[in-house]
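There are 2 protein chains.
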Amino acid sequence: MSKKLKLGVFGLGSVGQGFYELLDQSKNPNLEIKKIVIKNPTKTRTIESSIFSTTPTDILDDPEIDIVVELIDDATIALEILKQSLQRRKPVVTANKKMLAGNLEEIYWLQKKYETPVLYEGAVCGSIPIIRNLEMHYAYDRLESFEGIFNGSTNYILTKMIDEKINYDKALDQAQKLGFAESDPTLDVKGYDAKYKLAITIAHSFGCFVKPDHMLNIGIDKISAHDIRYAKRQGCAIKLIAKAEKIGNKIFGIVAPTLVPLENPLASVKNEFNAINLVGASTGLQMLTGKGAGSLPTGLVVLADVASLLAEFKYSYPKVIPGNPVTFEKDALINVHVSFVTPGAIHPTDFEEFTGGYQGEDAHFMTGWMRIKKLEEWVDRDDLSIMVNDDTHFKVYEPKKEREFSLA
Amino acid sequence: MSKKLKLGVFGLGSVGQGFYELLDQSKNPNLEIKKIVIKNPTKTRTIESSIFSTTPTDILDDPEIDIVVELIDDATIALEILKQSLQRRKPVVTANKKMLAGNLEEIYWLQKKYETPVLYEGAVCGSIPIIRNLEMHYAYDRLESFEGIFNGSTNYILTKMIDEKINYDKALDQAQKLGFAESDPTLDVKGYDAKYKLAITIAHSFGCFVKPDHMLNIGIDKISAHDIRYAKRQGCAIKLIAKAEKIGNKIFGIVAPTLVPLENPLASVKNEFNAINLVGASTGLQMLTGKGAGSLPTGLVVLADVASLLAEFKYSYPKVIPGNPVTFEKDALINVHVSFVTPGAIHPTDFEEFTGGYQGEDAHFMTGWMRIKKLEEWVDRDDLSIMVNDDTHFKVYEPKKEREFSLA
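Residue numbers (our numbering), protein chains in the order written: chain R, 1 to 408; chain U, 409 to 816.
Don't read these hints as lab results, they were simulated from the structure. For glycine and all other residues, C-beta sits at the position ideal for the given N, C-alpha and C. Some hints here could point you the wrong way.
The calculated DSS-like cross-link candidates involving lysine-lysine, where the alpha carbons are at most 30 Å apart (straight line), are [as the list claims (entries may be wrong)]: (1) Lys319(R) - Lys412(U); (2) Lys6(R) - Lys39(R); (3) Lys678(U) - Lys619(U); (4) Lys619(U) - Lys4(R); (5) Lys6(R) - Lys722(U); (6) Lys442(U) - Lys491(U).
DEER-style ranges, computed between Cβ atoms [claimed, not checked]: (7) Pro29(R) - Glu572(U): 53 to 61 Å; (8) Glu440(U) - Arg45(R): 53 to 61 Å; (9) Asp799(U) - Ile166(R): 21 to 29 Å; (10) Gln87(R) - Val804(U): 53 to 61 Å; (11) Ala311(R) - Asp621(U): 31 to 39 Å; (12) Arg45(R) - Val804(U): 38 to 46 Å; (13) Asn438(U) - Asp380(R): 15 to 23 Å; (14) Asn657(U) - Ala311(R): 51 to 59 Å; (15) Gly235(R) - Ser632(U): 57 to 65 Å; (16) Ser676(U) - Asp362(R): 52 to 60 Å; (17) Lys808(U) - Arg45(R): 45 to 53 Å; (18) Asn732(U) - Ile321(R): 36 to 44 Å.
One chain only, chain R, in its complex shape:
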């Protein structure tokens, strides 16, 4: 594809504008935007109006357009755009994590069927080139686990709440004003956005496809001033952590507020920054840190993907191999800290292994190993705040054996 490429762009939100601006600045003679399809033609824009259209087929059916850059919000429409583009053999660059995470296995097969690539570095961890590194650098390493801060908006909110003692609502408001938050903030604060990215990263790390619905996500919206004080006393930060681990042929994964000891470099990753710690059998620990949100950082990654198509780069999904026995397992034991106000809200018997508890004047907590299946029942309870202890791993859940009858 070493020729001049014409691009059709869907959507001109925060990332789209960053992408447009950077492409314009780059003065790359081989890349030109021919058409931008937008939803709302009445918005005032600084770009000359002839480039805009509200009709998707102006891009899809234009044989002159070589590449589709999909940067809209709606996952259902984004999937339709992706499919129609691939059918027309137009490579796609997208940053739509919800669409990707929900349909990644199908998208994998569609790329094979139409021999047309889809690149989506911008969908995971903003400016951090994590997918590219998993593709090219980790192809031959056996990844054991990864954990990371995958959502810039919640990391910004937690930083403000903890370091600057700003309350949750005000911090969320700031994140939205700075353009870090998703248009629907519940996607951020409830951990869905991080979970979409987790699902995509699991596919590239371990070669198994998992639907986001099949993973537990716990949000940051229940974190209390009590939790923050507790974390500080324990020498921990509170971070919304997405993590996955391989035990045998099973992959376990979760998104949850997590007590991260200050010695873990993830504890020092602040504001809109994202980071990922990867543990490989040969490389050992690697960490990548960078801005996880924002118009220019994400726009640059989209531009890098477009430029990679110029160099005929495509994902090879090195871990997705025939007969791969690796599967995702939802249930597991995980070590959690649960705080609550009303005495008796939870009981030691709720834990598979109860470690300890504290009953104070204003707040109580219990810690121990719990089944993810059990935690799922608690996620929507407003009276509980659940945090994972970061210095623990997943444990495979094995039902307790019935005690054998014995006369002795």
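Position chain U against the provided structure of chain R, taking the given hints into account.
Below, chain U without anything else, positioned relative to chain R:
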């Protein structure tokens, strides 16, 4: 190149063995080592002897061998192997930083001339995919500066000296036993190894080729117990830092022991780990951390390079563009801390801007802005220990104007 590739390997030291082992484990049906050329045929080895040879042409002149993997120590012979391989249109994977740094501009042109790629991720920062990221991720960002820990051996030694109060000689001995150190340890401890990597990284970051001889390197071998105490009191770590900065169209760069404030995440990078902080106009700050030395971490990167050739990846040197006005400038002002034992060893007038000094019972120091040209004269003085202050930037050196004659 999507076919079965036969490899010819030069050298079977620490990295070569890691590479061999990982390739063997990978059971990749498309990659096979046909021949390994070694210097010493009498060494006992676990690999079957028929694969070995001591004759370079057994690889170079074998038309069946598609790729040359060069992992020997000697830079002069390595360059000869590289040239002869390219002449025969055999792509080369190498980890020889000394050879690369000293000849990178020529190697750039040879790749063009013979239309045959050279990949060398293993030459810079061990397991960290820094070159690949500069190539593909930062191609469209304007890099402003980078700084990093580029040498695992010295970082290991400094960690042992500072955290465990082990003396320099014993720490060096440990690093050598663990296989982190170069066969000639002066390359590590005097900062040459880090400087070779700096030169390579500058080419990929800023598009200008600089010979290592044209940059100043200060080693860690003069660091005293007094310096370590001083750093601790200042809330700093001491790290051997390689850094480069773009000011206008000039690139400045140096390798030196550096007082790194504990807030800078580089301060927490310990033992054989390497790290790099990159500052780009659009991406902002990014950091990559990983093992900088060791048989398997570096062997894996070499394997990733070989696999990338299978996918027809080659470096595009995106910043090396016709008419690029960027050039390296050796001289600059840099903020340093110089400690010494003998009173009067140096004078405030040695500094362009003298900031302050301390005269104690057992040790003295002075800080201020100095010309790199002047520091060069001090590098080999055994009575001076020189450290850069990390929270400062380079300053362009401008000769002081002669005071104009005035009657007023």
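Status of the hints after comparison with the structure:
1. Simply put, Lys319(R) and Lys412(U) have alpha-carbon atoms about 19 Å apart, close enough for the 30 Å limit, and the pair holds.
2. Pair hint Lys6(R) plus Lys39(R) holds up; C-alpha atoms about 21 Å apart against a cutoff of 30 Å.
3. Only pairs whose Cα atoms come within 30 Å are accepted, and Lys678(U) paired with Lys619(U) is accepted, the gap being roughly 29 Å.
4. A C-alpha spacing of about 35 Å is found between Lys619(U) and Lys4(R), which places the hinted pair above 30 Å, so the restraint is violated.
5. As the CA atoms of Lys6(R) and Lys722(U) are separated by approximately 24 Å, the hinted pair is consistent with the 30 Å bound.
6. Our distance criterion of 30 Å between C-alpha atoms is met by Lys442(U) and Lys491(U), whose separation comes to about 20 Å.
7. Taken as a hint, the range 53 to 61 Å holds for the pair Pro29(R) and Glu572(U), whose Cβ atoms sit roughly 56 Å apart.
8. At roughly 56 Å, the beta carbons of Glu440(U) and Arg45(R) sit within the given window of 53 to 61 Å.
9. Separation of Asp799(U) from Ile166(R) is about 28 Å and conforms to the stated range, judged on CB atoms against 21 to 29 Å.
10. Evaluation of the 53 to 61 Å hint for Gln87(R) and Val804(U) yields a pass: the beta carbon distance comes to about 56 Å.
11. As the Cβ distance of Ala311(R) to Asp621(U) is approximately 34 Å, the hint placing it in 31 to 39 Å holds.
12. Under the hint 38 to 46 Å, the C-beta atoms of Arg45(R) and Val804(U), about 41 Å apart, fit the expected range.
13. Checked against the hint of 15 to 23 Å, the pair Asn438(U) and Asp380(R) fails, with Cβ atoms roughly 50 Å apart.
14. At roughly 27 Å, the beta-carbon separation of Asn657(U) and Ala311(R) lies outside the given 51 to 59 Å, and the hint is violated.
15. About 32 Å separates the C-beta atoms of Gly235(R) and Ser632(U), a value inconsistent with the hinted range of 57 to 65 Å.
16. Between Ser676(U) and Asp362(R) the C-beta distance comes to about 35 Å, which lies outside the given range of 52 to 60 Å.
17. The given range of 45 to 53 Å is respected by Lys808(U) and Arg45(R), whose C-beta atoms sit roughly 52 Å from each other.
18. In this structure the hint that Asn732(U) and Ile321(R) lie 36 to 44 Å apart at CB holds, the actual value being about 43 Å.
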